[in-house]
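So the protein lines, in turn, are chains R and H.
Heads up: the first sequence at position 243 corresponds to 243 in this note's numbering, and the numbers run straight through without jumps.
Heads up: the second sequence at position 16 corresponds to 16 in this note's numbering, and the numbers run straight through without jumps.
Bear in mind the hints are in silico, worked out from the structure with no lab data behind them.
In this text the structure is predicted, and so the values were computed from the model without any measurement.
Where a beta carbon is used, it is the ideal one built from N, C-alpha and C, also for glycine.
Take these hints with a grain of salt, some might be off.
[As the list claims (entries may be wrong)] As a list, the in silico DSS-like pairs of lysine-lysine whose alpha-carbon atoms are at most 27 Å apart:
(1) R:126 to R:9
(2) R:126 to H:211
(3) H:155 to R:179
(4) R:9 to R:210
(5) R:242 to R:21
(6) R:210 to R:179
[What the hints assert, rightly or not] Computed, partial: chain R to chain H, Cβ under 7 Å:
(7) 53
(8) 56
(9) 75
(10) 100
(11) 128
[Said to hold, decoys possible] Estimated spans, in silico, between C-beta atoms of each pair:
(12) R:57 to H:142: 18 to 24 Å
(13) H:92 to R:203: 41 to 47 Å
(14) H:61 to R:161: 50 to 56 Å
(15) R:104 to H:86: 36 to 42 Å
(16) R:203 to H:70: 47 to 53 Å
(17) H:95 to R:30: 36 to 42 Å
(18) R:73 to H:70: 36 to 42 Å
(19) R:89 to H:157: 21 to 27 Å
(20) R:242 to H:235: 56 to 62 Å
(21) H:70 to R:147: 39 to 45 Å
(22) R:111 to H:231: 38 to 44 Å
Chain by chain, the residues:
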Amino acid sequence: MISPSLTIKGDAHIGSQLIFKAACLEIPADGWTCLLGRSGVGKTTILKLIAGLDEHISFTGDISSSDAMPLAGRIALMSQTDNLLPWLSVRGNVMLGSRMRREHGQSDQADALIERVGLTEFSDRKPHTLSGGMRQRVALARTLMEDRPIMLLDEPFSALDAGLRAEMQELAAELFAGKTVLLITHDPAEAARMGDRLYLMTGGGIEDLKAILPQQPKQPQQTVREFDSAEVLAATGSLLSKLREIP
Amino acid sequence: MKGVLSICLFVIVLLTGWQSLVSGFDLPHYILPSPMRVVTAFTTHFWLILRHATVTFSEVMLGLIFGALLGGMTAIALAASPVIRAVMRPMMVLSQALPVFALAPILTLWLGYGLVPKIIMALLIIYFPVTSSFFDGLMRTPSGMLDMARVMGAKPSAILLHIRIPAGVPGLASGMRLAAVYAPIGAIIGEWVGASEGLGYLMLLANGRAKIDLMFAALFMLVVMTLALHFLVDRLATLAVRRIDPSAAS
Numbered sequence: 001m002i003s004p005s006l007t008i009k010g011d012a013h014i015g016s017q018l019i020f021k022a023a024c025l026e027i028p029a030d031g032w033t034c035l036l037g038r039s040g041v042g043k044t045t046i047l048k049l050i051a052g053l054d055e056h057i058s059f060t061g062d063i064s065s066s067d068a069m070p071l072a073g074r075i076a077l078m079s080q081t082d083n084l085l086p087w088l089s090v091r092g093n094v095m096l097g098s099r100m101r102r103e104h105g106q107s108d109q110a111d112a113l114i115e116r117v118g119l120t121e122f123s124d125r126k127p128h129t130l131s132g133g134m135r136q137r138v139a140l141a142r143t144l145m146e147d148r149p150i151m152l153l154d155e156p157f158s159a160l161d162a163g164l165r166a167e168m169q170e171l172a173a174e175l176f177a178g179k180t181v182l183l184i185t186h187d188p189a190e191a192a193r194m195g196d197r198l199y200l201m202t203g204g205g206i207e208d209l210k211a212i213l214p215q216q217p218k219q220p221q222q223t224v225r226e227f228d229s230a231e232v233l234a235a236t237g238s239l240l241s242k243l244r245e246i247p
Numbered sequence: 001m002k003g004v005l006s007i008c009l010f011v012i013v014l015l016t017g018w019q020s021l022v023s024g025f026d027l028p029h030y031i032l033p034s035p036m037r038v039v040t041a042f043t044t045h046f047w048l049i050l051r052h053a054t055v056t057f058s059e060v061m062l063g064l065i066f067g068a069l070l071g072g073m074t075a076i077a078l079a080a081s082p083v084i085r086a087v088m089r090p091m092m093v094l095s096q097a098l099p100v101f102a103l104a105p106i107l108t109l110w111l112g113y114g115l116v117p118k119i120i121m122a123l124l125i126i127y128f129p130v131t132s133s134f135f136d137g138l139m140r141t142p143s144g145m146l147d148m149a150r151v152m153g154a155k156p157s158a159i160l161l162h163i164r165i166p167a168g169v170p171g172l173a174s175g176m177r178l179a180a181v182y183a184p185i186g187a188i189i190g191e192w193v194g195a196s197e198g199l200g201y202l203m204l205l206a207n208g209r210a211k212i213d214l215m216f217a218a219l220f221m222l223v224v225m226t227l228a229l230h231f232l233v234d235r236l237a238t239l240a241v242r243r244i245d246p247s248a249a250s
């Protein structure tokens, strides 16, 4: 499947609370779009809207993809909580989607993905025997197993310690290459490191911050920017000031 | 170990208190028999008591099994469909306003003196706790898991089977723990209203003939049986919960 680009335009409310107004979010194909904002501004709402989980959200506007095809069935979701089922093994969790859709003969693919996230020797273990970082790698393999062109990531690394987070960012960037990725984050350093496009969400609006991102694009071979490069550090600083300006 | 010790201590205090009550007030044995008399009655009538206990035990076990099945299926139906929920919930609440005990004479009238009305009494008394605990468990599946499953393109029936039912097992387990204690009450009430065998019947019979020692011996058997059932079900429930969530403290 070829990754489409997405455009979201419109207003959204939950009850009487305004989530965003006259927003325009462009999510290019084959790249990472970061949506940065402080906790509780409704970042997850946008993600739920795209994923079609918008039961309580009233949205007027348009969500369209570049190939004009419906989004249902082309999206995979990864969130901050790993959502691993405690009664299934690592392999069982990775294969959950295909089992629920009654697809058979996917176990080779599952084993290959478990190997790519470096958990082959743990594939029969239950989640509670794994560390937080390993559990999130299982979640990563499960998300990849879905083989969808659009990836919606809701702060998937924010519960990890700084070292693990950097490691997971690199692994995810490598594994999600070629997909349309929307990353929700409250971490300016993560946004500066990962983003090809960057939006800042404030109470009621969405601001395009592409200008703040390091000017020099990511190299073709390079999946993420170096976290300690001067540009990334500078961008992190400006993003943090931007975040703090929000009342 | 501490538990066993405290139980032993409790039994010793109870027996001492009981004996001193009987000796101190010089109570006749047809009002309150001494512990020793009850032990004698228990050993001399052991086979009689055991035979009646077997009957009560079968009623309780069958009531538990059918009650768990019926309650489990009701909870799944309620969790699966908002329509069923809207129709059945008021009915279930209403049914709880009706004391189950009041149904016992009618059940005996309709179904006779055999096992069936007692099994139904045990079933009715555990039906609501099993249904409501399992239903709570089914409805408390973390929303993140449900969102994930929906995005994966799973049908509601697949989500129920693969996620919600396993995640609801701890709820069912706590319902079954309650049920193991309640079910004997249902069976005994059923026997009191009309029976020709069972511990409830034996207790009434002994009471009527002023054989209070035998009544106490039958009561003792009932307590032992209920405790054994409680520990068995508790153990099974704990195993089931550990299987679902090995990290859960129990």
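Does the closest beta carbon of chain H sit nearer than 7 Å to the beta carbon of residue 53 (chain R)?
Since chain H brings a Cβ to about 5 Å from residue 53 (chain R), closer than 7 Å, the hint holds.
Is residue 126 (chain R) within 27 Å of residue 9 (chain R), Cα to Cα?
42 Å, violated
Does the Cβ pair residue 89 (chain R), residue 157 (chain H) satisfy 21 to 27 Å?
Holds, since residue 89 (chain R) and residue 157 (chain H) (Cβ atoms, about 23 Å apart) stay within the stated range.
Determine whether the Cβ-Cβ distance between residue 203 (chain R) and residue 70 (chain H) falls within the hinted range of 47 to 53 Å.
51 Å, holds
Take the C-beta atom of residue 104 (chain R) and the C-beta atom of residue 86 (chain H), compute their distance, and say whether it sits inside 36 to 42 Å.
37 Å, holds
Does the Cβ distance between residue 73 (chain R) and residue 70 (chain H) fall inside 36 to 42 Å?
Check passed, 38 Å falls within 36 to 42 Å.
Whether the CB-CB distance between residue 95 (chain H) and residue 30 (chain R) falls inside 36 to 42 Å:
59 Å, violated
Outcome of range test on Cβ distance (residue 57 (chain R), residue 142 (chain H); 18 to 24 Å)
Roughly 20 Å apart at Cβ, these two residues keep to the hinted range, so it holds.
Holds or violated: are the alpha carbons of residue 210 (chain R) and residue 179 (chain R) at most 27 Å from each other?
Judged against 27 Å, a Cα distance of about 20 Å means the pair holds.
Residue 100 (chain R) was flagged as interface toward chain H. Is the shortest Cβ-Cβ separation under 7 Å?
With a closest approach of 4 Å, the residue 100 (chain R) hint holds.
Quick one, are residue 126 (chain R) and residue 211 (chain H) close enough, alpha carbons at most 27 Å?
58 Å, violated
Holds or violated: residue 242 (chain R) and residue 21 (chain R), Cα atoms, limit 27 Å.
20 Å, holds
Hint violations for this structure: numbers 1, 2, 8 and 17, all remaining hints satisfied.
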